[in-house]
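> Residue-level listing of the chains:
There are 2 protein chains.
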Amino acid sequence: MTASFGRRLRAALDAYGPLCVGIDPHAQLLDDWGLGQDAAGVRDFGLRVVDASAGRVAAVKPQVSFFERFGAAGFAALESVLAAARAAGLLVVADAKRGDIGTTMAGYAQAWLEPGAPLEADALTVSPYLGGGSLAEAIRHALPHGKGVFVLAATSNPEGASVQQAHTTRPGETVALRVTRDVVALDDSTDPLGSVGLVVGATIDRAAFALDDEVLRAVPLLAPGFGAQGATAEDLRRGFGTLAGNVLASESRSILSAGPDRIAATIDERAARYQEVMGG
Amino acid sequence: MTASFGRRLRAALDAYGPLCVGIDPHAQLLDDWGLGQDAAGVRDFGLRVVDASAGRVAAVKPQVSFFERFGAAGFAALESVLAAARAAGLLVVADAKRGDIGTTMAGYAQAWLEPGAPLEADALTVSPYLGGGSLAEAIRHALPHGKGVFVLAATSNPEGASVQQAHTTRPGETVALRVTRDVVALDDSTDPLGSVGLVVGATIDRAAFALDDEVLRAVPLLAPGFGAQGATAEDLRRGFGTLAGNVLASESRSILSAGPDRIAATIDERAARYQEVMGG
Numbered sequence: 000m001t002a003s004f005g006r007r008l009r010a011a012l013d014a015y016g017p018l019c020v021g022i023d024p025h026a027q028l029l030d031d032w033g034l035g036q037d038a039a040g041v042r043d044f045g046l047r048v049v050d051a052s053a054g055r056v057a058a059v060k061p062q063v064s065f066f067e068r069f070g071a072a073g074f075a076a077l078e079s080v081l082a083a084a085r086a087a088g089l090l091v092v093a094d095a096k097r098g099d100i101g102t103t104m105a106g107y108a109q110a111w112l113e114p115g116a117p118l119e120a121d122a123l124t125v126s127p128y129l130g131g132g133s134l135a136e137a138i139r140h141a142l143p144h145g146k147g148v149f150v151l152a153a154t155s156n157p158e159g160a161s162v163q164q165a166h167t168t169r170p171g172e173t174v175a176l177r178v179t180r181d182v183v184a185l186d187d188s189t190d191p192l193g194s195v196g197l198v199v200g201a202t203i204d205r206a207a208f209a210l211d212d213e214v215l216r217a218v219p220l221l222a223p224g225f226g227a228q229g230a231t232a233e234d235l236r237r238g239f240g241t242l243a244g245n246v247l248a249s250e251s252r253s254i255l256s257a258g259p260d261r262i263a264a265t266i267d268e269r270a271a272r273y274q275e276v277m278g279g
Numbered sequence: 000m001t002a003s004f005g006r007r008l009r010a011a012l013d014a015y016g017p018l019c020v021g022i023d024p025h026a027q028l029l030d031d032w033g034l035g036q037d038a039a040g041v042r043d044f045g046l047r048v049v050d051a052s053a054g055r056v057a058a059v060k061p062q063v064s065f066f067e068r069f070g071a072a073g074f075a076a077l078e079s080v081l082a083a084a085r086a087a088g089l090l091v092v093a094d095a096k097r098g099d100i101g102t103t104m105a106g107y108a109q110a111w112l113e114p115g116a117p118l119e120a121d122a123l124t125v126s127p128y129l130g131g132g133s134l135a136e137a138i139r140h141a142l143p144h145g146k147g148v149f150v151l152a153a154t155s156n157p158e159g160a161s162v163q164q165a166h167t168t169r170p171g172e173t174v175a176l177r178v179t180r181d182v183v184a185l186d187d188s189t190d191p192l193g194s195v196g197l198v199v200g201a202t203i204d205r206a207a208f209a210l211d212d213e214v215l216r217a218v219p220l221l222a223p224g225f226g227a228q229g230a231t232a233e234d235l236r237r238g239f240g241t242l243a244g245n246v247l248a249s250e251s252r253s254i255l256s257a258g259p260d261r262i263a264a265t266i267d268e269r270a271a272r273y274q275e276v277m278g279g
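If you're matching them up, the sequences are chains A and B in order. Numbering of the first sequence is given in numbering that gives the first Met the number 0, commencing with residue 0 and proceeding in unit increments. Numbering of the second sequence is given in numbering that gives the first Met the number 0, commencing with residue 0 and proceeding in unit increments.
Check the hints yourself; a few may be wrong.
Claimed, not checked - DEER-style ranges, computed between Cβ atoms:
1. A:T202 <-> B:V214: 31 to 39 angstroms
2. A:R252 <-> B:G54: 44 to 52 angstroms
3. A:D212 <-> B:A227: 43 to 51 angstroms
4. A:D211 <-> B:A86: 54 to 62 angstroms
5. B:A227 <-> A:A86: 39 to 47 angstroms
6. B:A2 <-> A:Q274: 40 to 48 angstroms
7. B:A39 <-> A:R237: 48 to 56 angstroms
Unchecked claim - One side only, chain B facing chain A, incomplete, derived with CB under 8 angstroms:
8. A71
9. F74
10. T103
11. L118
12. V162
13. H166
14. P170
15. A207
16. A209
17. E213
18. A217
19. D234
20. G238
21. L242
Hints in this document: simulated from the structure, not taken from any laboratory. C-beta atoms are modelled at their ideal positions from N, C-alpha and C, and glycine is treated no differently.
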């Protein structure tokens, strides 16, 4: 029987702490690393980040957009990076923010969360503008294969509040809370940590989104915004409190800008800092 | 100077009427057409739909999910289909529903809306869960190249209302209306039809989303849900009234299920029906 994503994530967080290394080969970083602005450049970039992350952190998070801009060749590069990361024992969260309905949404689950698929990852970020329930086909497809999703819920970009803090017809219910309730209900496991996770910004005021500790209790949280984007390891405890142990804290630029020669040492330093905060 | 997407769409709608043929190679249709469940199957399917659509309709809308499930090979197939459609003079709307922020969102625009990109299309569907304003980087990238976007606004799937009909802090403003205002403001053209469009379901009660005629006046509308999904050509006039001339009416299954030998004749019949309704 396949271990659930939630169980695999729990084990990885316990072994390595919360750090998740973003693989974001944007144009400036490719230049800084001396790599080409092409599919070979993003493949080499990704493989080097995987090498530096293996055995040091729980997870990596490739940002699909930066591969997609090179079309099919970019996806071939991404396939190599995903396979290398999984072979190295890293959990892989494909940050693609896919979202659709019915069989179309199931197609995205087949693309990213089906064992043996060329783009196989361990979890996929998904977007609920069509309603949390619209993601059901993908979630039903993912869970039996030991795969997970992270559903966009409450993000820290200023434009996000106009959608995510809007109120539904239910008293006190924001869009972020409604999405959370709808997608968490699709996970019927009794694991201590579920397999349907949420993307929750590192520095958000959770009260403004009506996301209290109770509704997030057994939910894996992917929190972008650490490092160069402003959140510190201390913010993990401050922002998430008793939920901090369920958080994958994603850092990209702060680590990647160290360059290829310094990245492994930088990951070691950053991972140690999170473990210090989490152990204290 | 490049003609804007809005001008090119206006000309195509005037020449061919509102029908947009969906290219949705899902598993059942591949079987029905006698094609393989692989990248070659979706390529052949897409190319045959393009052949049958050329000279008969304004636009085609490939559903990216059904190509993406075959990974890089599926994207190579999609590149062939996109190139063939554009070479045949069809407007191509890539239905990918991408959504992110900042440079990541710009990456999606580079992938789909940059002249010469392997996945070049004429317009891209995008998703605003991170706020309408989060799409600014993609829109700023798209417009000077004569490209467009269709932003998910008000959809007909039942789960969509929980997000799209929620209310912001402004009196009477739904999420769908807020997104509309935010993205339409990013298009500063004075064209009779703009280049920042919306996805609006064919059969929705527009009042429930607070989307009146005034706010949609010069906005191209992509309306899925025609044909097998329930909306008829008559619904185009009924649902959109004076805006009907700005609508791309998307049909997929009702046309594709005719099979490879009957698809061209079916497109002719369907296109004639829309032109009859629109002319009447």
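> Run every hint past the structure and note whether it holds.
The hints, checked one at a time:
Roughly 33 angstroms separates the CB atoms of T202 of chain A and V214 of chain B, a value that falls within the hinted 31 to 39 angstroms. For the pair R252 of chain A and G54 of chain B, the supplied restraint of 44 to 52 angstroms holds, since their beta-carbon distance comes to about 49 angstroms. Restraint check, D212 of chain A to A227 of chain B: a C-beta distance of roughly 45 angstroms satisfies the suggested window 43 to 51 angstroms. For D211 of chain A paired with A86 of chain B, a C-beta distance near 55 angstroms keeps the hint of 54 to 62 angstroms intact.
At roughly 43 angstroms, the beta-carbon separation of A227 of chain B and A86 of chain A lies within the given 39 to 47 angstroms, and the hint holds. For A2 of chain B paired with Q274 of chain A, a C-beta distance near 57 angstroms fails the hint of 40 to 48 angstroms. The hinted window of 48 to 56 angstroms between A39 of chain B and R237 of chain A holds, with their beta carbons roughly 53 angstroms apart. Taking 8 angstroms as the C-beta contact cut-off toward chain A, the hint placing A71 of chain B at the interface holds, the least distance being around 4 angstroms.
Interface hint at F74 of chain B: satisfied, since its Cβ lies 4 angstroms from the closest Cβ of chain A, which is below the 8 angstroms cut-off. A least Cβ separation of about 5 angstroms between T103 of chain B and chain A falls short of the 8 angstroms threshold, and the interface hint therefore holds. For L118 of chain B, the interface hint holds, since its Cβ comes within 8 angstroms of a Cβ in chain A; the closest pair sits about 5 angstroms apart. This hint holds: V162 of chain B has a C-beta 5 angstroms from the nearest C-beta of chain A, less than the 8 angstroms allowed.
Annotation: interface hint on H166 of chain B holds; nearest CB of chain A at approximately 6 angstroms, less than 8 angstroms. Among the interface hints, the one on P170 of chain B is violated; its C-beta lies about 13 angstroms from the nearest C-beta in chain A, farther than the 8 angstroms criterion. Because the beta carbon of A207 of chain B sits about 11 angstroms from the nearest beta carbon in chain A, more than 8 angstroms, this interface hint is broken. This hint is violated: A209 of chain B has a C-beta 12 angstroms from the nearest C-beta of chain A, more than the 8 angstroms allowed.
Given the 8 angstroms rule on beta carbons, the hint for E213 of chain B is violated: about 20 angstroms separates it from the nearest Cβ of chain A. Hint status for A217 of chain B: violated, given a least beta-carbon distance of 22 angstroms to chain A, over 8 angstroms. This hint is violated: D234 of chain B has a C-beta 20 angstroms from the nearest C-beta of chain A, more than the 8 angstroms allowed. Given hint, G238 of chain B at the interface with chain A, is violated; its Cβ is 19 angstroms from that chain's nearest Cβ, farther than 8 angstroms.
About 22 angstroms separates the beta-carbon of L242 of chain B from the nearest beta-carbon of chain A, more than 8 angstroms, and the hint is not met.
Comparing the model with each earlier hint shows violations of hints 6, 14, 15, 16, 17, 18, 19, 20 and 21; every other hint is respected.
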